[in-house]
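Engineer: Under the working numbering, the letters of the sequence shown match residues 630 to 884, in that order.
Bear in mind the hints are in silico, worked out from the structure with no lab data behind them. Please note that the accuracy of each hint is not assured.
[What the hints assert, rightly or not] Each pair of labels, with its calculated beta carbon distance range: (1) Thr-757 with Ser-794: 19 to 29 Å; (2) Gly-720 with Glu-855: 16 to 26 Å; (3) Asn-681 with Glu-811: 45 to 55 Å; (4) Pro-661 with Thr-859: 25 to 35 Å; (5) Lys-797 with Gly-758: 33 to 43 Å; (6) Lys-660 with Glu-855: 23 to 33 Å; (7) Asn-838 with Arg-872: 39 to 49 Å; (8) Ala-710 with Asn-768: 40 to 50 Å; (9) Arg-769 with Pro-672: 50 to 60 Å; (10) Arg-872 with Arg-730: 14 to 24 Å; (11) Ser-736 with Thr-859: 30 to 40 Å; (12) Glu-855 with Asn-768: 45 to 55 Å; (13) Asn-780 with Glu-855: 15 to 25 Å.
[Claimed, not checked] When the alpha-carbon atoms are kept at most 27 Å apart in a straight line, the in silico DSSO-like pairs for lysine-lysine are as follows: (14) Lys-762 with Lys-660; (15) Lys-801 with Lys-738; (16) Lys-848 with Lys-755; (17) Lys-738 with Lys-692; (18) Lys-738 with Lys-876; (19) Lys-738 with Lys-706; (20) Lys-784 with Lys-755; (21) Lys-883 with Lys-860; (22) Lys-660 with Lys-764; (23) Lys-755 with Lys-807; (24) Lys-660 with Lys-848; (25) Lys-801 with Lys-784; (26) Lys-801 with Lys-848; (27) Lys-807 with Lys-784; (28) Lys-660 with Lys-807; (29) Lys-807 with Lys-706; (30) Lys-706 with Lys-860.
Backbone N, C-alpha and C fix where the C-beta goes; we use that ideal spot for every residue, glycine too.
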Amino acid sequence: MMNQPKILMSILGLAGFAFLLFGSIGAGSTKPLVSPVFNYSPPEAPGTGSANFTMALVSPSYKNLDEVGEPFNSFQKSLEAEIMEVMTAKGYSVRGPFESRDEMLYSDKENSQLALIIEVEPEIQKATGSWTKVKMADNRMGYRFSRGTLNIYGKINLTALEPISGEKMWAKSVNIPKQTTEEFTSSRVFVGSSLASDLQAIAALAAANDANVANPITKALEKSFEDIMTKIWNHLDPTEFKRMVPKIKELKAKG
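Given these sequences and hints, build the entire structure.
Structural biologist: Okay, structure coming up:
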């Protein structure tokens with residue numbers, strides 16, 4: 630059932646939380662929801678404009694998630710905050726964050742050499758355990774994740790665009806290292822399509838504040854965060870971007 634990756638992912642986006650039973654039929658005790666902590670300290674002191682290069686930051690977004698609860702919401706916000714800190718430490722002047730390139734004012738586009746777009750693409754697959762069927766009071770069939778573990782991995786796509794033209798100037802991907810969660814059983818029941826992917830079903834349960842689901846994912850992502858940020862730190866080298874300045878000026882001149 631749920632081990633088919635990325636099948637009919639849009640199903641959840643159409644119906645959202647209507648697919649979830651907000652009860653706990655047959656479930657074990659529910660733990661308190663743990664507040665995620667994603668921290669990273671850049672290895673250098675802030676350079677405050679020393680790179681003589683201005684970068685606009687567009688807020689991170691998820692490529693393959695419709696419902697974003699914890700810990701995915703905190704991961705997204707922490708990634709944004711820590712990347713801004715990294716850019717400052719590298720000596721960039723930073724504008725933003727912006728919700729999208731389209732929401733940047735023309736003056737922001739004109740006065741930023743590049744805009745950095747961040748796209749998070751997590752993957753979740755069942756490692757052990759099973760999705761067990763639960764018959765609902767209205768005779769619908771739901772699914773509970775039972776006595777299992779998840780593999781969590783994926784990638785973060787970094788793309789730098791010339792802000793006015795939108796021309797892609799640079800692109801890198803950073804892997805989300807694979808982590809396996811501790812064993813758990815969900816307290817809530819997924820009442821979506823049996824063809825939904827593990828990622829979409831688990832993310833929907835987490836978005837419905839199922840702490841039994843969210844807490845193990847939090848621990849796994851916390852283990853990966855420093856490694857992710859270290860790789861991003863290495864990629865955001867001002868020297869690499871400064872070589873693009875002649876081309877950037879050419880694009881801006883065309884308007």
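Engineer: Against each hint, give a clear statement of whether it holds in the structure.
Structural biologist: Outcome of the hint check:
Separation of Thr-757 from Ser-794 is about 49 Å and departs from the stated range, judged on CB atoms against 19 to 29 Å. About 22 Å separates the C-beta atoms of Gly-720 and Glu-855, a value consistent with the hinted range of 16 to 26 Å. At roughly 47 Å, the beta carbons of Asn-681 and Glu-811 sit within the given window of 45 to 55 Å. Pro-661 and Thr-859 have their C-beta atoms about 31 Å apart, which keeps the hinted 25 to 35 Å range intact.
Remark: the range hint 33 to 43 Å for Lys-797 to Gly-758 is upheld by a beta-carbon distance near 41 Å. At about 25 Å, the beta-carbon gap between Lys-660 and Glu-855 stays in the expected band of 23 to 33 Å. At roughly 47 Å, the beta-carbon separation of Asn-838 and Arg-872 lies within the given 39 to 49 Å, and the hint holds. The hint said 40 to 50 Å for the Cβ distance between Ala-710 and Asn-768, and at roughly 46 Å that hint holds.
Between Arg-769 and Pro-672 the C-beta distance comes to about 53 Å, which sits within the given range of 50 to 60 Å. For the hinted restraint 14 to 24 Å between Arg-872 and Arg-730, the CB-CB distance of approximately 22 Å keeps it satisfied. For Ser-736 and Thr-859, the hinted distance range of 30 to 40 Å is satisfied, since their beta carbons lie about 34 Å from each other. Hint check: Glu-855 to Asn-768, Cβ distance near 48 Å, so the stated range 45 to 55 Å holds.
Take Asn-780 and Glu-855: their Cβ atoms lie about 19 Å apart, and the range 15 to 25 Å holds. For the hint linking Lys-762 to Lys-660, the alpha-carbon distance of about 22 Å falls within 27 Å, and the restraint holds. Between the alpha carbons of Lys-801 and Lys-738 the distance comes to roughly 22 Å, so the proposed pair stays at or under 27 Å and holds. Among the hinted pairs, Lys-848 with Lys-755 is consistent with the structure: their alpha-carbon atoms are about 16 Å apart, no more than 27 Å.
At most 27 Å may separate the alpha-carbon atoms for a hinted pair to count; Lys-738 and Lys-692 meet this at roughly 24 Å. For a cut-off of 27 Å, the pair hint linking Lys-738 to Lys-876 stands: about 15 Å separates their Cα positions. With a C-alpha separation of about 23 Å, the suggested pairing of Lys-738 with Lys-706 holds against the 27 Å cut-off. A C-alpha spacing of about 18 Å is found between Lys-784 and Lys-755, which places the hinted pair at or below 27 Å, so the restraint holds.
Using a Cα cut-off of 27 Å, the hinted pair Lys-883 and Lys-860 is violated, with the two alpha carbons roughly 34 Å apart. Distance hint between Lys-660 and Lys-764 is fulfilled; the C-alpha atoms sit about 24 Å from each other, no more than 27 Å. For the suggested pair Lys-755 and Lys-807, the alpha carbons sit about 12 Å apart, so the restraint of at most 27 Å is met. Under the criterion of a C-alpha separation no larger than 27 Å, the hint pairing Lys-660 with Lys-848 is consistent with the structure, at around 14 Å.
Using a Cα cut-off of 27 Å, the hinted pair Lys-801 and Lys-784 holds, with the two alpha carbons roughly 10 Å apart. About 26 Å separates the Cα atoms of Lys-801 and Lys-848, which keeps this hinted pair within 27 Å; it holds. This hinted pair checks out: Lys-807 and Lys-784 have alpha carbons roughly 10 Å apart, not beyond 27 Å. For the given pair, Lys-660 sits about 24 Å from Lys-807 by alpha-carbon distance, which is consistent with the 27 Å threshold.
The hinted pair formed by Lys-807 and Lys-706 meets the criterion: a straight-line CA distance of about 21 Å does not exceed 27 Å. The hinted pair formed by Lys-706 and Lys-860 meets the criterion: a straight-line CA distance of about 18 Å does not exceed 27 Å.
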